[in-house]
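Can you make the complete structure from the sequences, with help from the hints?
Residue numbers (numbering that gives the first Met the number 0), protein chains in the order written: chain A, 0 to 77; chain B, 0 to 77; chain C, 0 to 148; chain D, 0 to 148.
Hints were generated in silico from the structure; no laboratory data involved.
Just so it is clear, the structure is predicted and the values come from calculations on it, not from any experiment.
EDC-like, lysine to aspartate or glutamate: derived pairs with alpha carbons at most 20 Å apart:
hint, chain 1, residue 1, chain 2, residue 2
1, D, K121, B, D11
2, D, K122, D, D43
3, B, K53, D, E48
4, D, K121, D, E38
5, C, K122, A, D11
6, C, K122, A, E17
7, A, K53, A, E17
8, A, K53, C, E57
9, A, K53, C, E48
10, A, K45, C, D136
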Amino acid sequence: MARVLLFGRLADIAGWRERVVPGASLTEVRAALSADADLAEALAGKGVQVAVDKVIVRGEAGLTATSEVAFMPPMSGG
Amino acid sequence: MARVLLFGRLADIAGWRERVVPGASLTEVRAALSADADLAEALAGKGVQVAVDKVIVRGEAGLTATSEVAFMPPMSGG
Amino acid sequence: MSVTLQTGPFEPGALLTAFSAGRTETGAVASFTGLARAEQGGTDILELEAYPGLTDAEIARIAREAAERFGLQDWLIVHRIGRIAPGEAIVFVATASAHRREAFEACDYLMDYLKSRAPFWKKSHGPDGARWIEPTDRDRTDVERWETP
Amino acid sequence: MSVTLQTGPFEPGALLTAFSAGRTETGAVASFTGLARAEQGGTDILELEAYPGLTDAEIARIAREAAERFGLQDWLIVHRIGRIAPGEAIVFVATASAHRREAFEACDYLMDYLKSRAPFWKKSHGPDGARWIEPTDRDRTDVERWETP
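Structural data, given as structure tokens:
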């Protein structure tokens, strides 16, 4: 289980910004999100970064029941 | 006749900042000021600029009874 | 030395006043205020999204590095998030140092970072609808000026 | 677009507020505030002399040239004269442009000019008496950065 946050255009594509998603790893969370093909494609896109509990991670990460997973498209700057 | 203004360390050397001095040209005004040898030396020093009626002039300039002559030592910036 | 993300408008002059007060060994305070532009009617509203907890932490990390690099005495960053109308301030950066070159360069550096790499997502709402904005080529080359070869 | 020489204290934040207000096509406002430093007790009072009518005209001429060179939308310069205590503002420069690089560069340029070549005479009063101050070597090299070869 993880609380998933989507930022920027990812939230527009998914139609939601925050949702609890089952999964004990990033791979499992991505699999659970792939029911939405457009979102899955966007999440796999160039420059999309992932943060677990507000720290950017690369590759796989284990998750606990209270983990917060954020998918962040390329940053636009302020 | 000209109203003479001294700026910066020139006023400290002369002991005055503003004085009416006889003379129909810069040369005559300088001559009138040369009674004070220290001031005359300072006025002839490197980087001292002269303005007549608030416009910087180089070399000689004619003066009227209402002319304002300013002697300005090297500028320090603000 | 603080980063604030805030949803309400802020007043750059009030921030500058507070930042400059009581400094007897600071010779130089540089500031930058970024304002939302109407773009001749092309933009009605700018919408800025941040990830509180990550965005502010990342900005603070970069600002601490800059303070070290440029020898700053102090710095302040305030950034609007949410919906911003033309003419309103988006960002305020102030830097303090003994002499002016350090304050100018650090302020310039921080703005280049904030405009190109800081974790924000920006949407422009105009008469033709909404669109996401990415850093311009100039934003990218500006920030690259600071990279040591 | 104005130059003010004034003998009383001024408040940089209030100037920034007024300068930034009501701008819907200005993306960038850069500002610089120069403060008098105590120099660890080395300076009690700074005394700045100008030649009103020449000093302000000369600064305005340089600022108009800078506005042209950097493509500014607006600029403001306020400079204290007379006796200034540590912590008080000596100079405030603000520049406005569509994008940030122009505003930063013009502000930086104007400060380099003001600190090295503007018609002021500056005296520092400290525990060891008074002394006239001239531009530092760094002031001279800073201003030379802008000269086209």
